[in-house]
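**Student:** For the sequence shown, my numbering begins at 2 and goes up steadily by one.
Treat the hints loosely; a few may be bogus.
[Said to hold, decoys possible] Listed next, the in silico PhoX-like pairs over lysine-lysine satisfying Cα-Cα at most 25 Å (straight line): (1) 341 / 451; (2) 507 / 475; (3) 36 / 357; (4) 199 / 47; (5) 36 / 47; (6) 357 / 631; (7) 47 / 357; (8) 288 / 357.
Bear in mind the hints are in silico, worked out from the structure with no lab data behind them.
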Amino acid sequence: MVKIVGTVSVSAKGFIFLTPEDGSKDIHIKYKYAKNALNGDKVAVKIIRAERENHAAEGEVLEILEHNTKRVIGVIENGRSFSIITPDDSRITNEIYVPSRNVSGAKTGDKVVAEITKYPEQKDDFFKGKVVEVLGRFDAPGVDILSIMRSHNLYENFPEKVEKNLAEINDFVAEEEIKNRRDLRDIPIVTIDGEDAKDLDDGVYAEETQNNIRLIVAIADVSHYVTENTALDAEAYKRGTSVYLTDRVVPMLPKKLSNGICSLNENTDRLAMAGDFLIDDNGEVIKSEFYEAVIRVKRRLTYNVANKILVDKNPIFIKDNSDIIESLKTLKKLRNILFKRRENLGAIEFQTTEIKFKLDEQGKPVSVTKREGSFSESLIEECMLVANEEAAKLFVKKKTQGIYRVHPSPKEDAIDNLNEKISVLGYFLRKRAGGKVNSKDVQAIVEKSKGTDEESIINFTTLRAMEKAYYSEKNIGHFGLAKEFYTHFTSPIRRYPDLIVHRILKEILTKNTQKNSEKRAQKLKEIAIQTSAKERNAIEAEREATDLKAAEFLSNFIGEEFEGIITSVTNFGMFAELDNGIEGLVHVSNMMRDRYVYDARSFSLIGEKSGEEFKLGEKINIVVLKTDIKEKTIDFILADDAYILKNKEKNKPKKKAKTKVKKAVTFNKKNEKKFTKEKRKFYKKANKNGRKNKGKNRRI
């Protein structure tokens with residue numbers, strides 16, 4: 002018998018697949034053959050049914066080699082001698098049994114974190130666990146986001162060892178720290194950030210010098226405070242990145258650093274790593290230098306204020322900032338030069354949007370806006386791109402090992418799939434020799450769609466065809482930015498790789514560069530893998546928080562009509578996005594005027610009788626049908642179908658039940674002390690199992 006080892010993936014709908022370690026095709030596993038394997042578990046399976054046309058091979062789990070899920074978040078219900086936890090994650094179908102001595106004071110209705118102490122051995126068996134943290138009442142403000150944090154192993158507070166490290170760090174710049182640094186305090190450096198930003202890690206300044214422009218990019222010198230082999234450094238490595246959720250920031254560094262001594266606050270002395278560049282009229286860097294500096298930010302600007310000055314040319318804002326206006330004008334000129342150069346090189350400029358919620362005191366969303374990038378954000382981005390690229394070039398020039406931000410070119414099958422989708426909209430991405438594509442070709446498609454009805458669809462589908470960027474100890478270039486050398490240098494407060502880049506730069510500056518070695522290469526590889534994984538984890542947590550608040554927001558608009566645009570079409574329905582950026586599903590089962598069939602060639606749903614077609618990019622009128630806040634999902638229905646459904650419900654004859662059916666109790670505030678018949682059976686079984694044990698283990 003051949004054993005196949007791989008990782009289990011469980012979908013929200015309960016479908017179970019194995020991704021084999023050998024890279025072979027996925028194997029479908031029916032629930033009854035899964036042996037309680039959870040999402041992410043490493044298992045060994047045997048094939049029980051070979052692959053057929055349009056059907057994956059089917060397998061049976063022989064044994065679970067390694068459990069991935071060690072902790073579970075859920076709502077607890079107390080019993081006399083034990084309690085049960087219903088997991089938030091719908092992919093975990095078993096409840097968690099917790100002896101009363103292990104509930105840590107949790108009361109019925111509390112959201113808790115439980116550590117699994119025993120995994121079920123049979124299909125209908127239960128988990129055994131103990132409560133390790135009580136998050137609060139399940140409906141208390143902020144507990145929903147806190148639950149997402151814990152499910153992604155995110156913590157706001159720092160360990161005691163880190164706090165001891167912090168106590169040794171001054172909250173001001175001492176005179177002895179300024180020695181051997183270049184003094185830039187008289188240069189009117191400005192920071193330009195969002196309204197709510199408190200961790201200001203980059204400042205800029207520009208001046209014209211004959212035919213060139215001098216650009217200074219000053220970055221908070223975090224490496225001066227976070228040194229190697231300290232508890233502070235170990236915790237920063239463990240976290241990898243700051244995470245920005247809807248109602249809070251989970252920082253990589255403690256606030257004393259991120260919002261304090263490392264933040265480039267206005268009119269305050271701060272230590273910085275500076276990149277000093279001379280750039281010609283074509284946007285090419287003709288001279289580049291990095292050095293340690295001390296700075297004093299002249300002005301803390303917001304994106305909004307910078308736009309008022311540079312785009313709107315508002316006389317009031319210009320007058321209020323007359324002492325920095327020349328630098329801002331030069332920065333504007335430089336931004337346009339740099340942007341044009343990147344465009345000519347083939348950099349892809351995807352139009353991405355960000356959904357921002359305004360929450361009330363109870364943490365409930367009261368409004369939502371779709372944020373798009375502004376000119377001032379683009380200005381800062383161009384300056385940061387120069388500094389990041391020049392840092393990477395220096396590593397290569399000095400032949401030192403480093404960390405790079407890399408982005409591989411898209412795979413051939415992804416391009417083929419993309420062409421199938423966008424060809425129905427009149428677009429096509431040309432492939433070159435070897436099935437490769439050039440970033441200029443991708444850029445051309447994105448540019449062609451600008452200002453058209455297809456713009457958002459082309460952006461969305463093309464972006465999904467791209468590979469994900471990640472960190473690596475090997476430089477392979479950055480496809481999306483059309484750069485041969487690239488790293489991350491400009492955000493050491495919130496990204497650990499930037500901190501490593503600063504340390505390597507300092508080694509180069511002090512001529513104390515570590516010798517290239519297999520040991521160091523392995524260490525850098527581990528850092529790259531760890532921080533890439535932490536970045537993905539942060540993105541998932543941020544997306545979950547956004548999806549949660551989106552479902553919560555639209556729960557106030559059940560039955561209301563909106564206009565949306567079709568962003569994706571599948572065999573089970575179509576996804577539509579509202580003007581505010583919120584997306585939901587129109588399921589085929591809710592499309593009532595016809596039976597709609599998915600056409601894979603045109604990526605559309607077509608009515609069998611009417612021939613009515615729904616395709617990518619089409620505008621449709623939809624009604625909010627339902628939301629599931631726990632699952633973070635939104636269901637729409639076509640406006641015409643909503644009218645049909647309403648009439649059906651209205652004309653539905655009322656039937657009198659012959660016998661009264663007792664409904665299962667759903668947990669809520671009103672029935673906390675009630676238990677369903679099924680749960681009573683559960684308790685009975687658990688107590689029976691407990692009575693099998695003698696003596697002190699009789700009560701469990």
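**Student:** If you draw a straight line from the CA of residue 341 to the CA of residue 451, is it 25 Å or shorter?
**Tutor:** holds, 17 Å
**Student:** Need the status of pair residue 36, residue 357: alpha-carbon distance at most 25 Å?
**Tutor:** violated, 42 Å
**Student:** Would the pair residue 47 and residue 357 pass a check requiring their Cα atoms to be no farther apart than 25 Å?
**Tutor:** At roughly 47 Å apart (the allowed maximum being 25 Å), residue 357 and residue 47 break the hint.
**Student:** Does the structure keep residue 507 and residue 475 at a Cα separation of 25 Å or less?
**Tutor:** holds, 20 Å
**Student:** Residue 36 and residue 47 were given as a pair; does the straight-line alpha-carbon distance stay at or below 25 Å?
**Tutor:** holds, 13 Å
**Student:** Is residue 357 within 25 Å of residue 631, Cα to Cα?
**Tutor:** holds, 20 Å
**Student:** Take the C-alpha atoms of residue 288 and residue 357, compute the straight-line distance between them, and say whether it is at most 25 Å.
**Tutor:** violated, 40 Å
**Student:** Are the Cα atoms of residue 199 and residue 47 separated by 25 Å or less?
**Tutor:** Distance of about 54 Å is beyond 25 Å: violated.
In this structure, the hints that do not hold are numbers 3, 4, 7 and 8, in rising order.
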